[in-house]
Amino acid sequence: MGLARKESTFSDEDGFEDEDVSELNEEVSESESDSEGEEDVKLAEPSKQAVYNRDGLEEKLQDISWPENAGWIHKLTIDIDQEQEVDVNDDLKREASFYTQALEGTRQAFEKLQSMGLPFLRPADYYAEMVKSDAHMEKVKRRLLSEQKEIEEAAERKKAREAKKLAKEIQVQKTKERAKQKKEEIESVKKWRKQRQQSGFAGEVDKGELDLAFEGGKSFERSNKKRPGVSPGDRSGGKARKSGGGDSGKGKKKKNRDFRNSKFGFGGKKSMKKQNTSDTTDDLRGFSKGDGAGNKRRKR
Amino acid sequence: MGKKRKHTEIIEPTKKDDSVTEERPKRTLLGWKDKIEIKETEAPGVFRNKEKVLVTCSRRINFRYRHLMLNVVSLLPHCKKDNKVEAKSSKGATLNELVELKSCSSCLFFECRKHKDLYLWMAKSPNGPSVKFLVNAVHTMEELKLTGNHLKASRPLLTFSSNFGKDAHWKLIKEMIIQIFGTPKEHRKSKPYHDHVFVFSIVDDHIWFRNYQITVPHNESDKVARGGLDKMTLVEVGPRFCLNPIKIFGGSFGGPTLYENPFYVSPNQIRALEKKNKAGKYAKKVKAKTRRKMHELSNPLEPDEFADMWKE
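Protein chains in written order, with UniProt numbering: chain A, 1 to 300; chain B, 1 to 312.
It should be emphasised that the hints constitute simulated quantities derived from the structure, not laboratory data.
Predicted model only: the values in this text are computed from it and were never measured.
It is possible that some hints are incorrect.
[Said to hold, decoys possible] Within a straight-line C-alpha distance of at most 25 Å, the following computed PhoX-like cross-link-like pairs (lysine-lysine) qualify:
#, chain 1, residue 1, chain 2, residue 2
1, B, LYS114, B, LYS81
2, A, LYS75, B, LYS91
3, B, LYS116, B, LYS247
4, B, LYS50, A, LYS75
5, A, LYS93, B, LYS145
6, A, LYS274, A, LYS263
7, A, LYS158, A, LYS180
8, B, LYS145, B, LYS102
9, A, LYS48, B, LYS171
10, A, LYS75, B, LYS84
11, A, LYS93, B, LYS311
12, A, LYS182, A, LYS168
13, B, LYS185, B, LYS171
14, B, LYS81, A, LYS149
15, B, LYS189, B, LYS50
16, B, LYS166, A, LYS93
17, B, LYS50, B, LYS191
18, B, LYS114, A, LYS75
19, B, LYS171, A, LYS75
20, B, LYS191, A, LYS112
21, A, LYS75, B, LYS80
[As the list claims (entries may be wrong)] To spell it out: a stretch of chain A is covered by chain B in this simulated footprint if at least three of its residues, at any positions, have a beta carbon under 8 Å from a beta carbon of chain B; those stretches are:
#, stretch
22, 50-62
23, 73-79
24, 82-89
25, 149-162
26, 171-183
[Said to hold, decoys possible] A few chain A residues that don't get close to chain B, going by computed Cβ distances all over 12 Å:
#, residue
27, GLU68
28, ARG107
29, LYS112
30, LEU166
31, ILE186
32, TRP192
33, LYS194
34, SER199
35, LYS255
36, ARG260
37, PHE266
By construction, the Cβ of each residue, glycine as well, lies at the ideal position given by its N, Cα and C atoms.
Put together the whole structure using the sequences plus the hints.
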């Protein structure tokens, strides 16, 4: 019977609230836009028809409550004062208030239990069924670990990015410096040449030649003189003998190529290289004395 | 097995003695007329909590809400889980019957409507009261963000925010929560340690529920000094939910309404409003378009005098 009555009161209320609905409209749309769909909406002002039977409530409370002599140990309840009103929509503050309530409550409860001389923390060797299964806890652990790993990786990436940026900057600075140095050197040489010209010290013969060389932009052309350590027929300029001495810095490929050139010959005379001389005929390094596999085979 | 039997044999005679010496309380077919009196008469001076909670849900419940119910079941060792109940208008009677059949003294009924809205009925069985809540902001224990864990069936500490003492209906709800969510002392499934806390806090006229595990640094777990208690930390175990009281009834699952939340708007109404707003959007657009057209028709542009200047 009570249920039927309840339904009727509900429908009644609905009819009543239809008037409020129109004025609620704006407010609702606002609050819905910024909050989740789950969040509930409150009426702006309390509806006047709401039942509040204070006496009935108190009577019921008297009815159901436990007798006075029921000790605290039966209830295990702690009341905690909330210091200030908590804003519901501020998740962090709200959760923090719950946490502090729980922590404070546990402290007080433990003090009470301690004064009663009752055990309250489980000993380390007390194993029993837990609320969450081991499989689930494993999942939780894995997630925590992966989260941590992700954070670390992100930090590393960030670091690398910054280092790269820095390296780039340094490189730019270096190239600038180098260019500057080069310029300065050229300048100084020019200056020196001017001075010399003015003083008229140098011989007039090679002066014109030098001028040409500088004004053509080629600094310090190779002289035609014989270089030490290079045979007159060697077109590779002595590189062939150095065997992979080419370190122009263009990388591995260049180095490799240089080495091969030195080994198999590139540039220079070919004809004289491939002939035997007295030295090569005396050289017996390529032969073994022959006490290896052949002898053994014969014994057998 | 043999041990157990002995135990019961020892206990029974004392009980019988009590009942013989005291007057036997009146029992009706539906249970005891007045429970508390009986408790007092059974063992004078000694209070024994024999709370049993029936936990069920309605048919066609959402998986999420069902999981929430199962979590609650795992938190309450003194509860009995039962089959789903059809949420018809006569569900109150069937539930009352069911509670009696299971010899429980209170009931938690999770009612899911439209696969979206969860209502929680909290009822004391034979003669009331019962409270109907709307449940919001549900997080189950399965969520991986809730990293705590605690013993199954250890007795929880219940902490309440002080504003439960503010009003009569809050006081009543608090008493019901204490009786339903607190595990009875010396319950046969309960364990003698306390390693989790329930938080019931009223914020914004809603009751927020949290469950935390209590962790104390390891080496001090045997003997806890004051320093150890200071280092105590809490880890959330879950579940989380938020209860919005709608009504309090005098009887169990029915009876006279004692309290009605004056601020309550049902989720159906909220959705209807939302829909209305959405529908209004299009209508407004069409209206604006026609109005514009009418405006253009009523004040036509003046003929441009330089219109055919470059035509020649």
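**Q.** Violations among the numbered hints, reported as their numbers in ascending order
**A.** 2, 7, 8, 10, 11, 14, 18, 25, 26, 27, 28, 29
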